[in-house]
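Note that the protein sequences, when read in sequence, are chains A and B. Residues 234 to 710 in my numbering are what the first sequence lists, from first letter to last. Residues -16 to 273 in my numbering are what the second sequence lists, from first letter to last.
Quick caveat, the hints were computed from the structure, so don't treat them as lab data. Careful: at least some of the hints might be erroneous.
Stated by the list, open to error - Which residues of chain B face chain A? A few of them, derived with a C-beta cut under 7 Å, are:
# : residue
1 : G112
2 : D126
3 : L130
4 : A224
5 : I225
6 : G229
7 : D231
8 : D233
9 : E237
Note that CB positions come from ideal geometry on N, CA and C, so glycine has one too.
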Amino acid sequence: MTQTPDTPPALYAAREPIFPRRVKGGYRTLKWWIMGVTLAIYYLTPFIRWDRGPNLPDQAVLIDLAGRRFYFFWIEIWPHEFYFVAGLLIMAGLGLFLFTSALGRVWCGYACPQTVWTDLFILVERWIEGDRNARVRLWNAKWSARKARLRITKWAVWFVIALATGGAWVFYFADAPTLLVDLFTFNAPLVAYSTVFILATTTFVFGGFMREQVCNYMCPWPRIQAAMMDNDTLTVAYRHWRGEPRGKHRKAEGAENLGDCIDCMACVNVCPAGIDIRDGQQMECITCALCIDACDDIMEKIGKPRGLIDYLALADEERETAGAPPRPLWQHVLRPRTILYTAMWSLIGVALVYALFVRSDIDLTVEPIRNPQFVTLSDGSVRNTYTLRIRNLTADDREFRVMLTSDDILRIDVETTGAVPNHVTVPANETLQARVYVIARPQDAAADAEITDLRLWVEDIETDDRAGVATIFNGKG
Amino acid sequence: MADQKDIDDATGVDTTGHDWDGIKELNNPLPRWWLWCFYGTIVWGVAYTIAFPAWPMINSATSGVLGYSTRAEVVEQIAVVEAQNAEVSMRLASADLAALAPDDPAYRYGVAGGASVFLANCSQCHGSGAAGVQAAGYPNLLDDDWLWGGTLDDIEYTVRHGIRNETDPDARWTEMPAFGDIFEKEEIAASVEYVLSISGQEHDAGLAEQGAPLFVEQCTACHGDAGEGIRELGAPNLTDAIWLYGGDRDTLTETITYSRFGVMPAWGPRLDETEIKAVTLYLHQLGGGE
Chain A
234 MTQTPDTPPA
244 LYAAREPIFP
254 RRVKGGYRTL
264 KWWIMGVTLA
274 IYYLTPFIRW
284 DRGPNLPDQA
294 VLIDLAGRRF
304 YFFWIEIWPH
314 EFYFVAGLLI
324 MAGLGLFLFT
334 SALGRVWCGY
344 ACPQTVWTDL
354 FILVERWIEG
364 DRNARVRLWN
374 AKWSARKARL
384 RITKWAVWFV
394 IALATGGAWV
404 FYFADAPTLL
414 VDLFTFNAPL
424 VAYSTVFILA
434 TTTFVFGGFM
444 REQVCNYMCP
454 WPRIQAAMMD
464 NDTLTVAYRH
474 WRGEPRGKHR
484 KAEGAENLGD
494 CIDCMACVNV
504 CPAGIDIRDG
514 QQMECITCAL
524 CIDACDDIME
534 KIGKPRGLID
544 YLALADEERE
554 TAGAPPRPLW
564 QHVLRPRTIL
574 YTAMWSLIGV
584 ALVYALFVRS
594 DIDLTVEPIR
604 NPQFVTLSDG
614 SVRNTYTLRI
624 RNLTADDREF
634 RVMLTSDDIL
644 RIDVETTGAV
654 PNHVTVPANE
664 TLQARVYVIA
674 RPQDAAADAE
684 ITDLRLWVED
694 IETDDRAGVA
704 TIFNGKG
Chain B
-16 MADQKDIDDA
-6 TGVDTTGHDW
4 DGIKELNNPL
14 PRWWLWCFYG
24 TIVWGVAYTI
34 AFPAWPMINS
44 ATSGVLGYST
54 RAEVVEQIAV
64 VEAQNAEVSM
74 RLASADLAAL
84 APDDPAYRYG
94 VAGGASVFLA
104 NCSQCHGSGA
114 AGVQAAGYPN
124 LLDDDWLWGG
134 TLDDIEYTVR
144 HGIRNETDPD
154 ARWTEMPAFG
164 DIFEKEEIAA
174 SVEYVLSISG
184 QEHDAGLAEQ
194 GAPLFVEQCT
204 ACHGDAGEGI
214 RELGAPNLTD
224 AIWLYGGDRD
234 TLTETITYSR
244 FGVMPAWGPR
254 LDETEIKAVT
264 LYLHQLGGGE
């Protein structure tokens, strides 16, 4: 179909290939460090050992799906404590709100795995195929032995990285050194291989070929972030009031009217998202700050002050246009909004830490048997029956004494297999279900009352650790 | 609409003619992949009804050429479970129940299985919680009072042979006479007061005194000298707090006048050996076992 002025533009746009140029500078160095640290954390964490005693795994960070436990150094999370994970996720969410409202898409630019791995893949690409100009030439060149060799080498290195990425993931779910050997000797479970395969494929495709398209089309975060940024948010921007009108010919007539921008395209050439920051804020910009490094380099060379492209708040445009210095950074960062986010974030954090320290390693639930609610015994006593579930959250067998707050009014009788009355032994990591009888003598008030509040306790006979649970006693009333 | 094609200017495609505020729906053909998937589901659907039971007929449905049936599958699954449990089930059937330790798998199997046996066969009278129904004279199996004994052997015998049934010659059997034919009304009232007095309830002391010699004369043979009951005869203890039919004045009068005749079927012919042992174990651990 021929294009006529009436024809709407096609709904499909092919990807424009992007060849980011190498850049040096403060932000680039910072990004190298962040990449190194985050990758090291990802790859090495599963191999950190942490001694928990003889009956528990010694892997510092382990998600034991079969055993339904999450181990994180000295912390052990059981499925019923999943609220810790929920709390951490809420903190992660609030943390993102905080950083986005203060510093814009700083997560996208520095810490997002998509950014980190893409950066790594581009690094490999540059090593093998050369910098921007060489890569553009190679892209446009016809297929030749050299092009094939370079491409295959690049893809092979990418694939090894991708395989290692997918491979490292599965180490979080099993004993890493054992699984490493199993993976190479083909003894690992099928699910491990398929997980490695799937994650290797996504890493290879996302990092090698899709890159910024993942951010533009697949990731919901950029759209959400737009709602969290405002004019005070620090973001990577171009001081158009200083740069414009741009022009190359410094010595030409009328050059004194030109702005600082010499239209050298350095900022465009280094951009991994393939945009021109001078067009203003754009959805594609991940605020990786590489254009700042590129522009500062040029500004230094032509003897102009740095910061034509810089982290700045758009609210300062008017002040700066009028020649006043921008407001200090802390005034942009410290706003009611960011303070509120910080407060909420800290509140949940403190609550989680508190919950972590006060949680008991005995978990107790009680279920009064209501069919029938009570049984009258031959001496006129009233007996209630309860199912008591005692969960031992430690790796050692424990013996507990089951008791009532007071034996004055009610008597307790635990059906037990052990030798000592009312003592039960709960195996390590297990839940014991005990049948507990509570008896009120005929003269006790509880025998005739409708309901009496009751608290059952278990006490570790060695450590004296206690846990209690409230229930009721049904009388004849 | 049909006679005149409405071509969309921008795309050159025919439209359906439907118009929503100036927006028209293009009449593009369905994508080919979609059509083929659609045809595929039709072929699959037809083939499925041939392979599996599907078409309803007058009496049943077509059975399908693969011969699959959910009932056969259930039978198979049950057989697998039974094969898995065969060993422990056999062991329970031949076990000396008193010697089974509570952590023995056969014991646990028995208690769990016994609960099911109880719900299926016993709960109709004794209640799903085994608490019985006093108004109908179905005994509570949770308490510590047993008419015929609460040891494992006693319970097993009662389950196997039942009480006062005509079918099992070994059924537990005693019968209390209906004193309406023997006593005068005043004598019945007096003996009721006496029973109230020995069970520690509020009573008329004068009448109770008159009832005492009647009780000695007529009742102690079965209920014992002090009214404490005799288990061998299934005669209940009249001095405790537990009453099968109720211990108030009206109920006692009715019991003495007309007598009671509670019947329990013999379960020996209906349950297999494992089930009897299992339900015995279950009943024994409900809180009253001796």
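Taking the hints in turn, this is what the structure says about them:
With its C-beta approaching chain A no nearer than about 3 Å, G112(B) sits inside the 7 Å limit, and its interface hint holds. The beta carbon of D126(B) comes within 5 Å of a beta carbon in chain A, closer than 7 Å, and the hint placing it at the interface holds. Hint on L130(B) is violated. Least Cβ distance to chain A is approximately 12 Å, over the 7 Å limit. The criterion of a C-beta within 7 Å of any C-beta in chain A is met by A224(B), whose closest approach is roughly 4 Å, and the hint holds.
Taking 7 Å as the C-beta contact cut-off toward chain A, the hint placing I225(B) at the interface holds, the least distance being around 5 Å. For G229(B), the interface hint is violated, since its Cβ never comes within 7 Å of a Cβ in chain A; the closest pair sits about 12 Å apart. Interface hint status for D231(B): violated, as the beta-carbon distance to the closest one in chain A is roughly 14 Å, over 7 Å. For the restraint placing D233(B) at the interface with chain A, the shortest Cβ-Cβ distance is roughly 19 Å, beyond the 7 Å limit, so the hint is violated.
The interface hint given for E237(B) is violated, since its Cβ lies 21 Å from the closest Cβ of chain A, which is over the 7 Å cut-off.
In summary, the structure is inconsistent with hints 3, 6, 7, 8, 9 from the numbered list given earlier, while agreeing with the others.
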